[in-house]
Amino acid sequence: MIPAAFDYHRPGTLDEAVKLLSSHGDKAKVLSGGMSLLPMLKLRLASFAHLVDIGRIPGLDYIKEEGGFLKIGAMTRQAALERSELVRTRYLILADAVPLIADPLVRNRGTLGGNVANGDPGNDQPAIMLALGATFVARGPKGERSVPAGQFYKGLYSTALAPNEILTEVRIPAPPPRSGGAYAKLKRKTGDFAVAAAAVQLTLDGKGAVERAAIALTNAGLTPVEAADAAKYLVGKKPDEKTIAEASRMAAAKSSPSADRRGSVEYKKEMARVLTARALLKAVQRAGGK
Amino acid sequence: MAKHKISVTVNGAAREAEVESRLLLVHLIREVFRMTGTHVGCDTSHCGACTVILDGNPVKSCTVLAVQADGSKITTVEGLEQAGKLHPVQEGFTEKHGLQCGFCTPGMLMTTSALLERNKNPSEQQIREAISGNLCRCTGYVNIVKAVQYAAEKMR
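Sequence lines, in order, name chains A and B. Just so you know, we're using our numbering here: the first sequence kicks off at 191 and counts up by one. Just so you know, we're using our numbering here: the second sequence kicks off at 209 and counts up by one.
Please keep in mind that the hints were generated in silico from the structure rather than gathered at the bench. Note that this is a predicted model, so its numbers are computed, not measured. There may be inaccurate statements among the hints.
[Said to hold, decoys possible] Taking lysine to aspartate or glutamate pairs in the DMTMM-like style, the calculated list, with each CA pair at most 20 Å apart, reads:
id, chain 1, residue 1, chain 2, residue 2
1, A, K232, B, E228
2, B, K293, B, E332
3, A, K379, B, E332
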């Protein structure tokens, strides 16, 4: 399958890239790893007159802790996240998720920036960023601005990014002590999107009760779904079998998946409940609770 | 639509081409360079038959634009054999019956040779994970795993 014809641009700097996007408006699209965009162009589900490849712009590929944040450059490949000692030891929610994204060959090309900026509710990292309370840094003609992940997703493939803005960095607050995170995903096979998946990040207080929590679901609606009520319910409570079961039930009630070959609505909601419970349990264990 | 002049190194040889933006890397390799060892399978970045090594990493060449590879080093299945001697993974696939119809084999060889560059002594689990983006409809993967283990031993 051949994509419809387009012009390809390879700017050397972010400013140049923003200028190109500004001059072509919604006829242009940012090309990062291309693992979602190129298949869509090939299937002719989308077409753009201009692709602006940010893959050669220096300084967009890094994973570092700085000023209380984990900062990840938008062009950081999934494979780099997978191999990162920092991610593997300190950000287990991401370490859980990355090996479950697509397959190893796709992860050699696909980027974190592309995964979160694409606005596909089937992508895994948006829900994780909601759970982590991440902020997305975007560069546009007027300079840089930050958008909390919670305000980023507007609809199916629709985000807070203007057509001439480029997501440049993902900023994740470093978790305080007694924190734990986990991602639980059910998929039919390697390379498939989630039937259902749950991202959990929580912090326990000195007595083992939940001090704060966030729960978000993948492929549970037109955008990643934050289950704020379920998370709020947990705060102040001991995360035992009973409270985890109730929070999972509340989270699943927030999901509104559609039926497809991955299953019926009922099945997907039930799986959202089961996976939320699993992620909660793992996150609690990782936070040092029981 | 303007064409782009690109330079790549394929199996150690410098090559140039003038390409349309939308030309896929796999078509550059097969149709422009006339190297047909790299196969087009599903054409939807699932099956991995089109796998080539791009600057050290195995990637699905049906989902990379030729123009994105400008300036890169590419290794295809034709580049595995050196001075008339098969690469250990090629020898392994022969010795251990790692193929039946052979359609997925070029991709399997590229992915597994890249694995062995990074990990000299992969476990069975690591081999299976490494080839999880390469589909084989014939072998059930058992002999592919054996072939890679054979190659790993050979390379140590």
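### Restraint check for K293(B) with E332(B), where alpha carbons must lie at most 20 Å apart
violated (26 Å)
### Query
Quick one, are K379(A) and E332(B) close enough, alpha carbons at most 20 Å?
Given pair K379(A), E332(B) holds - Cα atoms ~19 Å apart, limit 20 Å.
### Message
Run the distance test for K232(A) versus E228(B): straight-line Cα separation, threshold 20 Å.
### Response
holds (14 Å)
Of the numbered hints listed earlier, the single one contradicted by the structure is hint 2.
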